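With the sequences and hints as input, model every part of the structure.
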Amino acid sequence: MKKVILGKTGLQISYMGFGGIPLQRVTQQEAKEVFKALIEQGVNYLDTARAYTVSEEWIGGAIEGMRDRFVLATKSKQTTAAAMQADIETSLRNLRTSYIDLYQVHNPSMEDLAVVTGPGGALEALQQAKKEGKIGHIGLTAHSLEVFEKALSLPWVETIMFPYNLVETQGEALIHRCREKNIGFIAMKPLAGGALTRVPGETEDRAVLALRFLAQNPDVTVVIPGMYCKEEVERNAAALLDTAPLTDTEQEKIQQIRQELGQNFCRRCNYCAPCTKGISIPNVFLFEGYLTRYGLVNWARERYDSLAVKAGACIGCGVCETRCPYHLPIRKMMAKAAEEFGE
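Each position in the sequence shown, counted from 1, maps to that position plus 397 in this note's numbering.
One thing to keep in mind: the hints can contain errors.
In the BS3-like style, the derived pairs of lysine-lysine whose C-alpha atoms are separated by at most 30 Å in a straight line are [stated by the list, open to error]:
(1) K531 - K429
(2) K547 - K433
(3) K650 - K547
(4) K578 - K433
Label-pair ranges, simulated between beta-carbon atoms [as the list claims (entries may be wrong)]:
(5) K433 - K729: 40 to 50 Å
(6) E599 - A641: 13 to 23 Å
(7) A732 - K429: 26 to 36 Å
(8) S506 - E649: 21 to 31 Å
(9) E737 - Y496: 45 to 55 Å
(10) Q525 - N695: 51 to 61 Å
By construction, these hints were calculated from the structure, which means they are not laboratory data.
These numbers were taken from a predicted model, which means no experiment stands behind them.
Glycine residues also receive a C-beta, built at the ideal position from the N, C-alpha and C atoms.
Here you go:
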């Protein structure tokens, strides 16, 4: 895996990093197997977050005794100095380390950002932790173009993370500005939260095409697909090493995928959880996609039937919509899924 410099941080990292969200799906022992594969592929950049339940702990256990082989990045949604300081200490304990290379403000709104940078805000705690050597660098993650653009003007921001994939290219102009300002750009959701993976019945894996698409853009510093098994690590590494120009056939496939998905689709980030009725919202939308977009009727219905709580149980409370960083009309989408599946 080729090495790159993460913008003004000066950190030398692997071009493919590790996104820590999927570790929530595996045991601690299974996580250790993933890290063996990462080492074999030369991956040294690890990204996680306080919000990802056991992810920090699993990473800490997996890299214990070889901390110096990795560049650690995590993040917190806290907006006040006291709360951010507490989260930094928790992250240090979970990751079993005395320092974290990159600590990021996690997906703030414009209102949150004003609190973060104001008196008594989280930035004070981050800068103090940096002085004390507990963190090395400070970054920011965003899902909003407005926040992304604002972050480009903040002198303390050394890296910016934003969704970028073959169906979500709205940030390309700002991504280029990152490169101009020597701000490390971290491409999150490279597989659109799992929407760009192999479709049952298709011979080609869409994940490979999605990653090859990203590898064409020199403005991208590092790509961080979420991974939870050795096979995914090996597939993704091979795809990102293939920098050959996209073929006409691949370009046509990209256009087909864009038409299929549009922008109004679930990225399976799971920020909407927990549902007040126990519905697995991302899985409902995943199975509905297989049913309506790909015509895999039996396959989709079998998996939908395995869900303990169906879409029809939605009471329309709207709590999930307040958490969705993509502002999806989840209630309308859930009603549509219930109609498609008949319950």
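How the hints compare with the structure:
1. K531 - K429: At roughly 25 Å apart (the allowed maximum being 30 Å), K429 and K531 satisfy the hint.
2. K547 - K433: violated, 38 Å
3. K650 - K547: violated, 34 Å
4. K578 - K433: The given pair, whose Cα atoms are some 35 Å apart, is violated under the 30 Å limit.
5. K433 - K729: 40 to 50 Å: Holds, since K433 and K729 (Cβ atoms, about 44 Å apart) stay within the stated range.
6. E599 - A641: 13 to 23 Å: At 21 Å between Cβs, range holds.
7. A732 - K429: 26 to 36 Å: Since the Cβ atoms of A732 and K429 sit about 42 Å apart, the hinted range of 26 to 36 Å is violated.
8. S506 - E649: 21 to 31 Å: The hinted range 21 to 31 Å is violated for S506 and E649, with Cβ atoms some 38 Å apart.
9. E737 - Y496: 45 to 55 Å: At 50 Å between Cβs, range holds.
10. Q525 - N695: 51 to 61 Å: holds, 58 Å
This entry does not satisfy hints 2, 3, 4, 7, 8, going by the numbered hints stated previously.
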